[in-house]
Each structure stands twice: as C-alpha cells, then as structure tokens.
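There are 2 protein chains.
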Amino acid sequence: MLPGQMMNQPLTITSIMRFAEQVYGGGEIVSITADNPRHRYTYTDAFRRARLLANALKAAGVQQGDRVATLAWNDYRHFELYYAVPCSGAVCHTINPRLFPEQVEYIIKHADDKLIFVDPAFLPLLEALEHKLSSIQQVIVLTDACHMPQTPLKNVRDYESFIAHHSDSFNWPELDENTASSLCYTSGTTGHPKGVLYSHRSCVLHSYAAVMPDAMNISCHDVLMPIVPMFHVNAWSTPFATAMVGAKLVLPGSKMGDGEALQSLIELEKITISAGVPTVWLALLSYLRDSGKTIDSLQRVLVGGAACPLSIMEEFEHKHGVYTHHAWGMTETGPMGTFNSLKPGMDKLAKEQLDKIKLKQGRPVYGVDLRIVDEDGNTQPWDGESKGEVRIKGNWVCSAYYRHEGEASHDGDGYFRTGDVASMDPLGYLLITDRSKDVIKSGGEWISSIDLENAAVSHPAVAEAAVIGVPHPKWSERPLLIVVKAPETDLSKEEILAFLDGKVAKWWIPEDAVFVDAIPHTATGKISKKDLRIKFADYSSA
Amino acid sequence: MLPGQMMNQPLTITSIMRFAEQVYGGGEIVSITADNPRHRYTYTDAFRRARLLANALKAAGVQQGDRVATLAWNDYRHFELYYAVPCSGAVCHTINPRLFPEQVEYIIKHADDKLIFVDPAFLPLLEALEHKLSSIQQVIVLTDACHMPQTPLKNVRDYESFIAHHSDSFNWPELDENTASSLCYTSGTTGHPKGVLYSHRSCVLHSYAAVMPDAMNISCHDVLMPIVPMFHVNAWSTPFATAMVGAKLVLPGSKMGDGEALQSLIELEKITISAGVPTVWLALLSYLRDSGKTIDSLQRVLVGGAACPLSIMEEFEHKHGVYTHHAWGMTETGPMGTFNSLKPGMDKLAKEQLDKIKLKQGRPVYGVDLRIVDEDGNTQPWDGESKGEVRIKGNWVCSAYYRHEGEASHDGDGYFRTGDVASMDPLGYLLITDRSKDVIKSGGEWISSIDLENAAVSHPAVAEAAVIGVPHPKWSERPLLIVVKAPETDLSKEEILAFLDGKVAKWWIPEDAVFVDAIPHTATGKISKKDLRIKFADYSSA
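Note that the protein sequences, when read in sequence, are chains A and B. Counting with the working numbering, you get residues 1 to 542 for the letters of the first sequence. Counting with the working numbering, you get residues 1001 to 1542 for the letters of the second sequence.
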C-alpha cells in the first residue's frame, strides 16, 4: 500500500471541544436543573468548567480507562461530564435511572464504576444500593452546597465543591481516536443489560453524519433541544453535534415529559429543532391543545425510539408548521441507523403516498451499511416487500458488548444483528415491521405486530394497543389484540376488530381482542411483550 | 488505553461509491464533453462503468500504488476515473493542462505515471512531449472510436474501446483508509511543482466537512455544478461530496469560462449551487448583463482561489438573488481551510458591517485548526488586527510533499506553513491580506498588496491591478501600483491614486502608478508577481 501524505489528526471529542471553544465560544447552553430553573452560559464557560472538572477527576484518582458513572438528567453539569471524562481518557458511563434498582446495581458492578455523579432526584436510588456498590469510591451530587440534600451515603459531596479550587487550565491528553469514550447499557427484555462502549472516533463520525443536511441538518443558526435523555445513547449525539457546528443547546433537565415546561422553553429560547420519543410529543401536543399556546420557532422534530403515529405528524404539521422526521436506531447503532427525509420530487406526491413514506424509518446515511436478511441467511432485495432481520455495519455500530465477548450478536459477515424485522424499498427507505422475537408466524407467513398496533391505535377510543402471538392449533400462531381504552370512551371487541378491516391484510385481523387497564412497559418505556406473553400464557384462541 | 468496542470501517472513497450506488443510484450526472454536448446518466451507470474501467486498468497492468494520470476537463469520464483509480488502490493523478509543457513533463516524470487519460483537446500537449515521457505505457483519449483524433502517439486508444468488453463486476479491494487516493501538483511561483498526495481518509473527511450546513450545505435536493476544474484539488471534493449525499452533479467540460454555456446549464439543469474562481463569475455575470438572461434556480455560489470583489457579490445578490460564499484554501489544504457563512444575528447588521464580514475568507470548519504566527514565531491573538502567516493542521492538510521530504513546509508544532498572511477576528473569520513573499514592508510596517489591489479594481476604469514592493531609500520598500485600463476608458495616474484616498491607510497609498497593456499570470490564472518584480526590477521610486 502507498500511504497518502496527509495529516492524521485523531478524531476525538477533545477536538470538537477545542474547535467549539475557539470558533463558537459565545454559543449558548441553557439548562433546567434541580437548583436553577433557567441556567444559562456559553461554550467558553462550559469548557472552562470542564477543565476544572478534569483536574478534580485527576485529583480524585481517576485514571485513563476508568469508568465514571452518571445518573442524571440533561443539563449543563452532565454536559461538562460528557466532555471532561472522555477527554481525560476515562469513560463516561451514563446510567438510565429508570431501570430497576437491581439492574442499576448490576450495571455499576459490571462496569466497575469508580465515581458516580448523581442528580439529587436519584439519590434515593443510590442510597438503597449503598452497601452493594463496592467499586464506587465517591458519590458527587449534581448541585451546589446550598442545595445539597441530606444523605446517609459516605464519601459524598456536591459537584460545585468537587470542582471548586481547581485550576481552569488542563493539559488534555492526546488520545488515540479509538480510545473508549462513553458507555451505555441496553436493557434487553431477556438477560442482563449489556454495555456498548463507544469510541471517540465513533462519536465524532456519528456527529458528522448527524449534522448533514439530509439528516438532523444542524447549523450554527439552530437552537436544539434534545428531549431524548443524555443517559440514552449519548442523547443521539446531540451534545457533540451541536458543539461541532456551534448551535445553541437547550437541556430540559427533569422536564422531559412536561408539556408546559417544554412549550415555555421552545417559545423563550427560540428552539428550532428538537428530538425525542413519541410519548414526549404526545405530552407536548396535548398541552398545546389544552392551553392554546404555540411553538412558532420550532421547525422540525426528530422522532425515534418507537414508531411515530401519523396523528402526531399531522398535528405537528398542520397545527404548528413543524416537520416530523422519523429515525431508527438503537444503543448498539450509535444510534443513527436511518433518518427519514424526503428525496427530490417526493414533496409533489399525493398525500397518501407521501404519508406512507414519512411513516417509514428513513434511509441510511453515508457511514451506515444496511442489509435485510431472511431466516435462512439470504440477503433480501430492496423491493419494499421482502422482509427479514436488519443487519448493520458502520463506524458507529458496536463490534461487541463490553466484557461480554461470548455474545453472538454479529453474523458471519460482521454485521450486527439488530433483532428488528423490516423491509427496504427501492428508494432505500426502511420500514420496521417487528422485533424478530415478536413476529407472529401464522400459516407459515409473518404478521407484523407493529402494523396491527399502529392500525388499532388510530381508533380514537384506543389509548394504547399491543399485539402478541398466541398458539393456534391450525395456524401455529394467531395475533391477539390487547387494548387499553381511552378515558371515558366505550369500545367493543367487535367494533375494534371491524375497524381494522381494510387497514391490514384480511388474514392478519385477530380473532379476538381483550381489554386491560394497563399494558406493562420496560424501563425504557417500551411495551413489554415478554410480560404480556407471560400474562396471556394460558390464553386459548381455539 | 481502553479501546472502544465499535466497528472500524475504513473511510474510503469506495465506501462513498457503494453507498451512493445503493441509496442514490438514480441520482443524475450531466456532462458536456468534446463528443457530446449533453451527456446524461445516473450514479448507477457511472459506478457500473467505473467497474468496467477498474477491470480495464487491471488488464493494463495497473497495480496498487501506481499513478494514473489525467489531463482532462470536468466530465463523466473523468468522474469515473476519480472512483475507479483510487478504489482499485492506485492513485488518480490529475494534471493541470494549463501548465507550461516543461512543467507537465516534469510532473509526469516526477510522479512516474504509468497510464495517462487525456481529453482530445490536450492531445497536442502530449504529442509535443512524446519522447520525453518514458514512464507512460499507454495513452487513453477520453472519447469514443468515432471521435478519435489522428495522432502520431504510440500505444494510444480511445476510452470507450479501452473499457469495452470488460466485465461490469469488480471486486473492489478492502483498502486501509490511509491509502493514497489522489495526487495533485501545485505550481509554486518558484521551483518545481510539488505534489500533494491525498488519502482516502482525507477525501472522506473533507467531504463530510464540505457538506455541512454552515459550509457548502449540500443535500440530495441540490444540483451542484463545480466550475472549479477536476484537475485542481479534486474540484474542491465536489465529485465525492455530491455522491455522499446523492446530489445531482453537472460537469461543464471545457465550457468553464463560457458565460453562455454556463447560463444555459444553470437554467436547463436547475443548478442550485456552483463553485469557482472569481474570473468564472465575471464571465457569467457579463453574459447575463449582455443577454438579459436569468439564473433563477441558482441559490448560492462558492468563491475561492482568489479574493472575490464586492462588486461580484452585489451583482449576484441584487440582480439574481444568489448568495456568495467566500472560501479559502489551497492544494495543500484539501482545499477547505475556511468557509464564509454568517453567524447568528449577523444578517441584522448594517450593510457596511455585513460587507466587511462577507469579504473575509470565512471561518474554519470542524476538522481544521488554524493559527496566525508572526515573523518571530509568536501565535497571534484573534483580534482582527494582528497579522501573521496562516498555519494550519487538519485531516485534509498535507503532512509532506510527494517525494520531496526535505521541504521545510511545516513548523515545529507540525502546522503547515501556508505562506498566506492574514488576521483572524474574535468571531473566527480569516482575512487574507497577502502572500508572505508579496507583503510590502515599508518603514517597518506591513502594507497589504491585496487590499491595495482590491481598492484599485473598484475603480470602473481599472480592468486589473497589481501591487508590488519596490525598493525605497528611506522606507526600505514602497508599493507600486500597476494598472491595466478597462477598454475604451481613460485614467490618469493622479486620478487612480486620488481614488485610493480614504479606501486604505494614507501611508499605504503608492507614490506612483504605471499603466501596462497586460499583467502576467501564472498557469493557474493568478497574477505572477514574480514576473512583475522582474519586469520592474530597475524601477526607481526615488
């Protein structure tokens, strides 16, 4: 090989930080925290404090490669940790505080976290685990001395005291771009949570891809509010992507599901782009309907984590002039696997055709290599019909789980097996139809539980719906529809089943629907089909 | 170091090609060639033919690391070479056909090119050098058999015959991302041309940066026409950047300076973005004035290679609604060093302030690290006042010249010494004031020859102006203004010198101006100050 003669500067989070401080130092970061309803400073301030923090981490004995945990909402102190920890050469391990305590315990032990930074709200969770977390040497509460809560924990102090009195100059180490930067565990529905260990390179390349015009399209003129938590896949890389382009960043703290707080932030901070799961948008739209308030500055929302119902897209677009982008990915894929934006000419399509495209999960961006593989291992054509598991390669896709090398998570060609079932159309748009373990196999053919659920929830009297497969003597499996009725509505089994007619293939329509008061969810807010299958284990469709 | 556990997919031009073919296969490429006034095909077609070409190269004995030369305009066959050569592991060596024959001879010998692909128009240049180019085993003329010109050259054939009868499947090698991909020589004003050897990684990272919203901002909805030649710094990476995002690409062949052809392409192909040096825009604007024709689809033009006069920016904006982005870079810097787009709030500035910003060369994008260093080696503050040489680091900046390792082109900190003199303002905007060797040192202070030239050419009777330093007994040097009058105008020395009053510092104003019929230019179209200094060697300012 003849090597090129170009500089080889490592792609590190440090280089994003240095660049943003030099060229976009005046860019704003606005946060809601437990101790301040509207904290406001600049990238210059943030990175100065990141240097204080880096010195404090060093003084606390944090070495390169050590894991430093966070149990925290989206705010400026978490932002400082996002930079100071990896740029010191350590690993920023973001823990989901919504997990069950025993999962949090498992994760901290498995990651062997040395320090933990915790929001005051999550202190009780740690207190309950106190004697079980031997690796943790210090607990730092993300507040100042005045707001420091009482706690029986030992070796605990507030963040502001922790970083105070340190120098604001720090000699950031020159890191190899493949150095681990961040760690995030994904809680599967079976087995223990598994850790994805991001690298500086993967974070930088994901950010390059995220800001591209046909993806998140973030410029220095934008004001971005990630409502996706910073404990979930690096908040879709938004804390890095915004610094890379100098956009203003708004961090809503614990107010992620609070329609009133979100509306107020959008209006006052002139937010142009936001990102979150469908539940967040339901809360915001519901507040807007009730209050009659507006979100005039908001131009686009990015929706991932679950399929976005058309009703959300339409309400955003027609009432508020906000365009909704569907996206798809997971903790293991950085997360951006696909992003839905239109191709040239599509804006001229009839509404029905356009809706079909917008409901898909979108196209791969450059840097992602996707294929659809059927049960026999055959790569499927991109014909919009053929279904199979989504397999993915790319610079922001995990190559193995952290300390879990035995896991058969990749296929023989090195593609990560996502466990999602989908089709790809000739234009490169992905449509997720199921999780592979949730697929219902009826008479040798697949029925998509997601399609059935989407059809059912479009009925105004349905608050939530889930579909699972139940054994059937003739067809091997048939779908069972499980429905939570909307408050103060009435709905019969016959009505909802008749409603599905014409919306899905006739042979997909379940024979039965059952009504329940609530559908169980996982710690990350997804429908827990595992629990549903246990609950309906004795159900007979005969 | 704890390594992250993410996939490490090489950043190669091959990966751009594979991605574009899969997701944007239908994207169009339109060209003007010598044998076809309007050739039109898709990315799918282009990459299929790139595979034919790769097989043909292999059959011709091209090995990994070999240099394959081009002497060609911007068209689809050159595009195929841009991919097939580097993705085969060889090096696509683009030669500037405007260089002097002895420079072309030197470059081909120095690069040790094995094959050369040549436009029919440049065949005479090769014929004149025939017996001097021993490394060249085959000459391939970029046309088909019907249009093949007569030539005394041996081992010559047309491109279409060269690739015909080969398979359209090719197993692209898995390349290390640091493999050399492309080679471009820069003709300094002194000494032999020097080669910059780009890598796959540098081309990919430059493309990521180029498409960013605050840089070229290229989406799949755009139609881009690079008027900057493909023999010059990879046409500013546009052939890679457009494929990365699936934009339509329009290649104007030899019609780069032809206002009528450019207007027609813009109108018929609905071009939204174009890129070129100021001379190109003068030709286009002049044609538009004379013909009364319009360029309605065009939204933005990128201007680099030389400072863009305000008159061009204003005519574009006010008459045609086209926004002009200034950019700065050189062969050694990939080329994008800085790009001028506005920061938030700047659009509300008064016209005079805004013009001052727009005339600057712009801000660094993420991936570029710039500093200004004075003669004593001190890094200068970004205060908009302090001047010094621009030094640059980045993933698309050369680390050394090809086969020229002795050259002291980098400073002790590893920054490339650009030879450009500039200031940086507090907002990160670069303003080039001179080439370091063209700076005029008068009474111990620097006078910017570029500022004086810009002021002089804003006089309607000045067609072109150059300023050089001439010896002065008291001030050591003083500026001399050299002017070419516009056709059918009259202008006296006193008039033009008086005109400068108020436009530059009083002590900058030259004591003398001389009128000439023509100003000498280098092969890349820049004013040759070396030749002017020779011509005026005996000039006395006393």
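Since the hints were derived computationally from the structure, they do not count as laboratory data. Careful, some of the hints might be misleading.
[What the hints assert, rightly or not] Within a straight-line C-alpha distance of at most 30 Å, the following computed BS3-like cross-link-like pairs (lysine-lysine) qualify:
{"no.": "1", "chain 1": "A", "residue 1": "Lys270", "chain 2": "B", "residue 2": "Lys1356"}
{"no.": "2", "chain 1": "B", "residue 1": "Lys1319", "chain 2": "B", "residue 2": "Lys1503"}
{"no.": "3", "chain 1": "B", "residue 1": "Lys1387", "chain 2": "B", "residue 2": "Lys1109"}
{"no.": "4", "chain 1": "B", "residue 1": "Lys1293", "chain 2": "A", "residue 2": "Lys348"}
{"no.": "5", "chain 1": "A", "residue 1": "Lys293", "chain 2": "B", "residue 2": "Lys1293"}
{"no.": "6", "chain 1": "B", "residue 1": "Lys1132", "chain 2": "A", "residue 2": "Lys270"}
{"no.": "7", "chain 1": "A", "residue 1": "Lys506", "chain 2": "A", "residue 2": "Lys356"}
{"no.": "8", "chain 1": "B", "residue 1": "Lys1270", "chain 2": "A", "residue 2": "Lys348"}
{"no.": "9", "chain 1": "B", "residue 1": "Lys1493", "chain 2": "B", "residue 2": "Lys1526"}
{"no.": "10", "chain 1": "B", "residue 1": "Lys1132", "chain 2": "B", "residue 2": "Lys1526"}
{"no.": "11", "chain 1": "A", "residue 1": "Lys270", "chain 2": "B", "residue 2": "Lys1506"}
{"no.": "12", "chain 1": "B", "residue 1": "Lys1485", "chain 2": "B", "residue 2": "Lys1530"}
{"no.": "13", "chain 1": "A", "residue 1": "Lys393", "chain 2": "B", "residue 2": "Lys1506"}
{"no.": "14", "chain 1": "B", "residue 1": "Lys1387", "chain 2": "B", "residue 2": "Lys1348"}
{"no.": "15", "chain 1": "B", "residue 1": "Lys1270", "chain 2": "A", "residue 2": "Lys351"}
{"no.": "16", "chain 1": "B", "residue 1": "Lys1351", "chain 2": "B", "residue 2": "Lys1506"}
{"no.": "17", "chain 1": "A", "residue 1": "Lys58", "chain 2": "B", "residue 2": "Lys1393"}
{"no.": "18", "chain 1": "A", "residue 1": "Lys493", "chain 2": "A", "residue 2": "Lys503"}
{"no.": "19", "chain 1": "B", "residue 1": "Lys1270", "chain 2": "B", "residue 2": "Lys1387"}
{"no.": "20", "chain 1": "B", "residue 1": "Lys1530", "chain 2": "A", "residue 2": "Lys270"}
{"no.": "21", "chain 1": "A", "residue 1": "Lys343", "chain 2": "B", "residue 2": "Lys1437"}
{"no.": "22", "chain 1": "B", "residue 1": "Lys1437", "chain 2": "B", "residue 2": "Lys1348"}
{"no.": "23", "chain 1": "A", "residue 1": "Lys356", "chain 2": "B", "residue 2": "Lys1506"}
{"no.": "24", "chain 1": "A", "residue 1": "Lys393", "chain 2": "A", "residue 2": "Lys132"}
{"no.": "25", "chain 1": "A", "residue 1": "Lys351", "chain 2": "A", "residue 2": "Lys109"}
{"no.": "26", "chain 1": "B", "residue 1": "Lys1503", "chain 2": "B", "residue 2": "Lys1387"}
{"no.": "27", "chain 1": "A", "residue 1": "Lys343", "chain 2": "B", "residue 2": "Lys1058"}
[Stated by the list, open to error] Partial pick of chain A residues on the chain B-facing surface, computed with a CB cut under 10 Å:
{"no.": "28", "residue": "Ile16"}
{"no.": "29", "residue": "Phe19"}
{"no.": "30", "residue": "Ala34"}
{"no.": "31", "residue": "Trp172"}
{"no.": "32", "residue": "Leu197"}
{"no.": "33", "residue": "Asn217"}
{"no.": "34", "residue": "Gly334"}
{"no.": "35", "residue": "Leu342"}
{"no.": "36", "residue": "Asp411"}
{"no.": "37", "residue": "Gly414"}
{"no.": "38", "residue": "Pro426"}
{"no.": "39", "residue": "Leu427"}
{"no.": "40", "residue": "Ala463"}
Values in this document were obtained by computation on a predicted structure and should not be read as measured data. Note that CB positions come from ideal geometry on N, CA and C, so glycine has one too.
Legend entry - Residue hint Ala463(A), partner chain B, criterion CB-CB below 10 Å: Since the shortest Cβ distance to chain B is 38 Å, the answer is violated.
Legend entry - Status of the Leu197(A) interface restraint (C-beta, 10 Å, chain B): holds, 4 Å
Legend entry - Pair hint Lys393(A) and Lys1506(B), alpha-carbon separation not exceeding 30 Å: Violated, because 63 Å separates the two Cα atoms, which is more than 30 Å.
Legend entry - Interface hint compliance - Leu342(A) to chain B, C-beta minimum distance less than 10 Å: holds, 8 Å
Legend entry - Holds or violated: Lys1351(B) to Lys1506(B), with C-alpha atoms at most 30 Å apart: This hinted pair holds, its Cα atoms lying about 24 Å apart.
Inset, instruction - Against chain B, run the beta carbon of Asn217(A) and see if the smallest gap drops under 10 Å. - result: Status holds, d = 6 Å.
Inset, instruction - For the pair we were handed, Lys293(A) and Lys1293(B), check the Cα-Cα distance against 30 Å. - result: The given pair, whose Cα atoms are some 47 Å apart, is violated under the 30 Å limit.
Inset, instruction - Could you grab the alpha-carbon distance between Lys356(A) and Lys1506(B) and see if it respects the 30 Å cut-off? - result: Roughly 67 Å separates the two Cα atoms, so the pair is violated.
Inset, instruction - For the pair we were handed, Lys1132(B) and Lys270(A), check the Cα-Cα distance against 30 Å. - result: This hinted pair is violated, its Cα atoms lying about 66 Å apart.
Legend entry - Pair hint Lys1485(B) and Lys1530(B), alpha-carbon separation not exceeding 30 Å: holds, 21 Å
Inset, instruction - Decide if the proposed pair is consistent with the structure: Lys1293(B) and Lys348(A), CA atoms, cutoff 30 Å inclusive. - result: holds, 28 Å
Legend entry - Interface hint compliance - Ile16(A) to chain B, C-beta minimum distance less than 10 Å: holds, 7 Å
In this structure, the hints that do not hold are numbers 3, 5, 6, 11, 13, 19, 20, 21, 22, 23, 24, 25, 27, 30, 31, 36 and 40, in rising order.
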